[in-house]
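Undergrad: Order-wise, the sequence lines are chains A and B.
Mapping of the first sequence onto the working numbering: residues 897 to 1009, in sequence order.
Mapping of the second sequence onto the working numbering: residues 12 to 124, in sequence order.
Hints should not be assumed to be uniformly reliable.
Stated by the list, open to error - In silico lysine-lysine, DSS-like type, Cα no more than 27 Å apart, as pairs:
no., chain 1, residue 1, chain 2, residue 2
1, B, K12, B, K116
2, B, K116, B, K53
3, A, K905, B, K12
4, A, K905, B, K53
5, B, K79, B, K12
6, B, K53, A, K910
7, B, K116, B, K79
Stated by the list, open to error - Residues from chain B that keep clear of chain A, each with C-beta distances beyond 10 Å, as calculated:
no., residue
8, A21
9, L22
10, E67
Everything labelled a hint here was simulated from the structure, so no lab data went into it.
Because the structure is a prediction, the values reported are computed rather than measured.
The beta-carbon is built from N, C-alpha and C at its ideal position, and this holds for glycine as well.
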Amino acid sequence: NAGVTQTPKFQVLKTGQSMTLQCAQDMNHEYMSWYRQDPGMGLRLIHYSVGAGITDQGEVPNGYNVSRSTTEDFPLRLLSAAPSQTSVYFCASQNAGGYNEQFFGPGTRLTVL
Amino acid sequence: KQEVTQIPAALSVPEGENLVLNCSFTDSAIYNLQWFRQDPGKGLTSLLLIQSSQREQTSGRLNASLDKSSGRSTLYIAASQPGDSATYLCAAYSGGGADGLTFGKGTHLIIQP
């Protein structure tokens, strides 16, 4: 199993550009989430999904869109990048229910100029 | 809203010492608490997960305890090694509307050879 994979590992954008961060998992997990990690702020939940076709907002959803068309994939879209979105982004997955551990991808380091 | 605090923010100890990392949370209605390790520039590696009904979990030289009533968890590392140097994060899973983990800001641990 590859676990949770993320692409790209690094990305530099200019303000106003759009892009999609890819996330995939091969563990057949129902739950998937996106977090961002910023110095002094810790990790914060952006969006999450409890299954294909179902998504919801987390703590810091503004400026990001998500969709979940398959169990395996959960892409995160930045429609118009802003410098405030410079961060490290992590995707995670877990089995349904609150009793199972979350598995994290290696992260995408995004810089918006 | 759940809040997770980790003390100390940084810790430096000589190799071979036993040490304790602390994590506190404000809402005791959690499903589980998870400890992670993060190496510089890397993703999160799950170390231990304690279900709400459990008191502790052990893996090798690591032991994590959970006291829901007091809102505390500790990570005990026995016979520390330089390879244990990393940032250790605890995260509480409370479920609810924003279905994700609430993270502490981490303890940056350095083990001196």
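Undergrad: In terms of Cβ atoms, is chain A entirely out of 10 Å range of B:A21?
TA: holds (13 Å)
Undergrad: Verify that the Cβ of B:E67 lies farther than 10 Å from every Cβ atom of chain A, and report whether the claim holds or is violated.
TA: holds (16 Å)
Undergrad: Are the Cα atoms of B:K53 and A:K910 separated by 27 Å or less?
TA: holds (24 Å)
Undergrad: Given the hinted pair A:K905 and B:K53, is their Cα-Cα distance within 27 Å?
TA: Given that 27 Å is the threshold and the Cα spacing comes to 10 Å, the pair holds.
Undergrad: Quickly compare the C-alpha distance for A:K905 and B:K12 to 27 Å and report which way the hint goes.
TA: Violated, at about 32 Å.
Undergrad: Taking 27 Å as the top limit, are the C-alpha atoms of B:K116 and B:K53 close enough?
TA: holds (16 Å)
Undergrad: Hinted pair, alpha-carbon criterion (27 Å max): B:K116, B:K79. Please report holds or violated.
TA: holds (20 Å)
Undergrad: Need the status of pair B:K12, B:K116: alpha-carbon distance at most 27 Å?
TA: holds (16 Å)
Undergrad: Would the least Cβ to Cβ distance between B:L22 and chain A come out above 10 Å?
TA: holds (17 Å)
Undergrad: Hint check: B:K79 vs B:K12, CA-CA at most 27 Å. Holds or violated?
TA: With Cα atoms ~16 Å apart, B:K79 and B:K12 stay inside 27 Å; holds.
When the structure is compared with the earlier hints, a violation turns up for hint 3 alone.
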